[in-house]
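**Student:** Spelled out from the first residue to the last, the chains are:
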Amino acid sequence: MSRPSDAAPSATTARAASRYDTVRLSHGSGGKLTLELIEELFVATFSNEPLKALTDAAILANPGGRIAFATDSHTVKPAFFPGGDIGRLAVAGTVNDLAVMGATPMYMSAAFLLEEGYDMSELERVVRSMKATADEAGVAIVAGDTKVLERGHGDGVFINTTGVGFLADDVLMGVDQVRPGDKVLVNGTLGDHGIAVMSRREGLDLAIELESDVAPLNGLIEAVRRVAPNVRFMRDVTRGGLAAVANEVVHRQAYGLRVFDVAVPVHELVEQYSEMLGIDPFLAANEGKVLLIVAPEEAEAALGAMKAHPFGREAAIIGDIVKKPEGVALVETAYGSRRVLEMPIEEQLPRIC
Amino acid sequence: MVEATAAPQAGTGFRPDTYKDPELVARLQSRIAELAASVARPVKLMHICGTHEHEMGRYALRDLLPKSVSVLAGPGCPVCVCDNEYINMAIQLSLEPGVILASFGDMLAVPGSIPLAGERRGDVRMSLLDARARGGDVRAVYSAFDAKRIAEQNPDKQVVFFSVGFETTVVAVAAMLKRGVPDNLSIIEANYYTPPATQLLPDLEGFDIEGFILPGHAVTITGLRVYEGLPTRGIACASGGFEPVDVLASIASLLEQIDTGDLTVANPYQRLVKYDGNERAKRELHEVFELAPIRWRGIAEIPASGYKLREPYHHASAARRFAGRLDPLALKGAEHPKGCRCAEVTLGQIQPDECRVFGQLCTPDSPYGPCMVSHEGTCRAWYTYGMHKEQLRVETV
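Just so you know, the protein sequences line up as chains Y and L, in that order.
Counting from 1, one number per residue, gives the positions in the first sequence under this note's numbering.
Counting from 354, one number per residue, gives the positions in the second sequence under this note's numbering.
Don't read these hints as lab results, they were simulated from the structure.
Just so you know, nobody snuck in bad clues.
Short, incomplete list of chain Y residues facing chain L, as computed with Cβ under 8 Å: (1) Pro-180; (2) Gly-181; (3) Arg-258; (4) Gly-278; (5) Val-322; (6) Lys-323; (7) Lys-324; (8) Pro-325; (9) Leu-330; (10) Thr-333; (11) Ala-334; (12) Ser-337; (13) Arg-339; (14) Val-340; (15) Glu-342; (16) Ile-345.
So these bits of chain Y aren't anywhere near chain L, every CB distance computed over 12 Å: (17) Ala-44; (18) Thr-162; (19) Val-171; (20) Leu-172; (21) Gly-174; (22) Arg-226; (23) Arg-252; (24) Gln-253; (25) Lys-307; (26) His-309; (27) Ile-317.
Given the structure is predicted, the values throughout are model-derived calculations rather than measurements.
Where a beta carbon is used, it is the ideal one built from N, C-alpha and C, also for glycine.
The shape of chain L in the complex, shown without the other chains:
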């Protein structure tokens, strides 16, 4: 069984360096090469977390894998799967007088589907940054609690927190709501639950992924049991941390399972992930939120994959509070701009550089689709770390 590290030694405490250790990386690299040789055919794996893509880029981990092993990015970027409806709602609300819209920084530049008037450069849509430039009071926050503080400091304003993210992020929002918030704070409910989306992937035509690196942060909350259905459908699973040693250990675990044919939900990231997750966090989460159908941008409406406020918390729902002031027609709209292939990128059906607008019409300073905006976005990571370029061969004097 592959584990990210040996059991921690007493008294040594947490040593992050361990998980970047070049010697451990080299050992995992040769173990992966051995396993790939034993499997003796091309294997496609997928991770489901934007941070994994980011770290794979930052440490150029694909360079360390044998040619027969490829790792694709799945629907793991909360910014990228956040449906237009919520972005458009945030934009509309930010332009309402007396409203402060508080959002994570990553979300600010993501275009929704409201056309940006006066732009001639293709199918360009409005983002929260554009709303701010038009007078909207849009503020970047680091956590839901910052939004609460803004609400306390501005009792004469309505403060709307754009609650986007996966299991991990929504836990903090639940904790905040459960402990009570000022009356002038509400949230846009755009939180997504990963497992149903992963269960939908194997049904896609042409799906040939053999293993999932499970999102380390999210499974810290939910645990691994919710993924038990996947091995029976032919998909190996392994929890995945984010340091180079963690990522390679997960890849090795998946290859081991594929090599032996003994598919399971392994836990190489056991230093943080418990098989049943974090019981207290799950309990609070389910007190405040319930699972409901939600649209994943460019993918589909997936049953029981969105967190919506339970009845006792309806007062904090921005969609309910501002129902009369939102333009329902403007909330809907074509999901991705013309020519944008974010949907296929998000499903791991293509790599970013197979999209014609990638790096041309769509760049981080002028993003066309959502995957180019957030640091979690696959296109953004590819652009930033040059993953679309030929392997960087160095020639010295």
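With the rest of the complex left out, here is chain Y:
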């Protein structure tokens, strides 16, 4: 939190609400209101020693090994959607970026860009959701910043999170570790987040019982790596969906990635609404999914570890790495015919008919 220069930090308890119903420009100006917001909302909720110190920088313990460092900014419409909200998204997104590199996420910063007039109780809900997600992932939100944008110059709330994790010196993962014959896995149904959020967008309002999959995946990933130490590559499947990740894997590589259409888990509702809206579930966004490429002899163990975890119950082996065609991601249909799985081009928009 941007610290006002001479205000002595005082012990605070989590008083339910700020004195104000809405965010004011003064909440971001570094004065009295800023301090109030920091102490009564952020410090009280995130509640950890480095943050309570309200110093200019958080001083953190170093458990050793290499540092993994990632940042991500978050905006989502609507900010609250079935299965999650922008707060959970902001924490889980950065946790997942660190975890897929093989790191143990530990610390995080949170910077808020708030629009003047933003509902204070909504902000409180977002912050509480961030805390709950951070606890779930075992990370501490130790630093932050608040800025307030004039009304009309923001969209309610934007959140940037930056995370730090640590990884052992011998962790070796990447597309250059991938070999033909390796298996491709995901931890569950694809496209849930994209369709859940789209269903609540203005103009669609589909009353469907579908929840976003937004979740921190470091626990699941740790469980997999315990039984499958030779994971070749991991990436969280987010915007652009499976198609984007599959293409990032094969880009300029001397191997191809083959997905078996029928092996990919897709929620029944996602299947139905994708058909109705003319959207491809393989291109739809996810916020709690990871794609893993694993040595063939470790694939079953990795699958078992995921299925035993709450965020991996519907995990599946969805494909393999092939010698040819090189540099291509392809889909093999239930009929044995094949097509290219092309990199997504633009935002997914509902079609005419």
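Based on the hints, put chain L in the right spot on chain Y.
**Tutor:** Structure of chain L alone, referenced to chain Y:
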């Protein structure tokens, strides 16, 4: 007679999986192989619906056909055949102060013929997205009713709905207009009626298509009777649904007709299509709209192939309402950019990869012609699903 499925069993309800069933697909695949062997010469078929091309790509259905059977895409993409005049009109109106232009998402990136100033990359024209970037209030909607809602919420603005599409889409617009709309809503009349275009195709020089897969959505409305003239001109017809089983059943039906020489308008998609269509939808449609000549982009002006508002609904016509504010000269213009072969692609005269700009100057992220824009577009489908690449031969360890 080939049908997409056996009669539905009582109490089982609609089971979409049935129409993707690999076993049914395999059976149809071998039936098609048998028929093709019996016909014993190359046969060209054509579908007339962008969704068919999309599904053929998505399930790689051409991979399942014998070499002697080819399926081409005809003029079945509403976005691709929508004339420049309407795109230019939408762009002009979107840039008018106080106007909200509501359009289906597919239409937003389609270039009309207004040059895009400052572009050096060939003959590049303006789309609604470019208009939006220049301050136009352009909104993507899912249906005509969304446009109505926007009009209700913005009583001080003029809301123009870009009504593009075939028989299927125009029915919803008719239903909306018949039930009454706010005064500040008008529509750009760019709806097309398919049958006259299909009847024009056999007159084209070098036309050698022997069967049409009729557009499943459109014939749900119009029925099949309107296509009865085609078999007498040597073209087999079969209604076509959109699941893999549906598409293959239609192909099998066409080959059966060609093999026996007994050409007709068959209805393998009978689970949705009635021979006379949807009477109520047709009635409402014809209360609000009448058929008039319309230009199909890059093809021709075809008589009685466009839906125009009847006199009692003229108040909802954007062309009439804004007549004084539109620049008539800017509405017209060269149909396709230089080097673009969308017209031939739309008529099934060439495959997309025979066009020199395909995949080079013209890609989905930077489309040159309309067929590369919409998901219904043939070039777009070919690009997305890699139909232009050699069959994807897989080699494993």
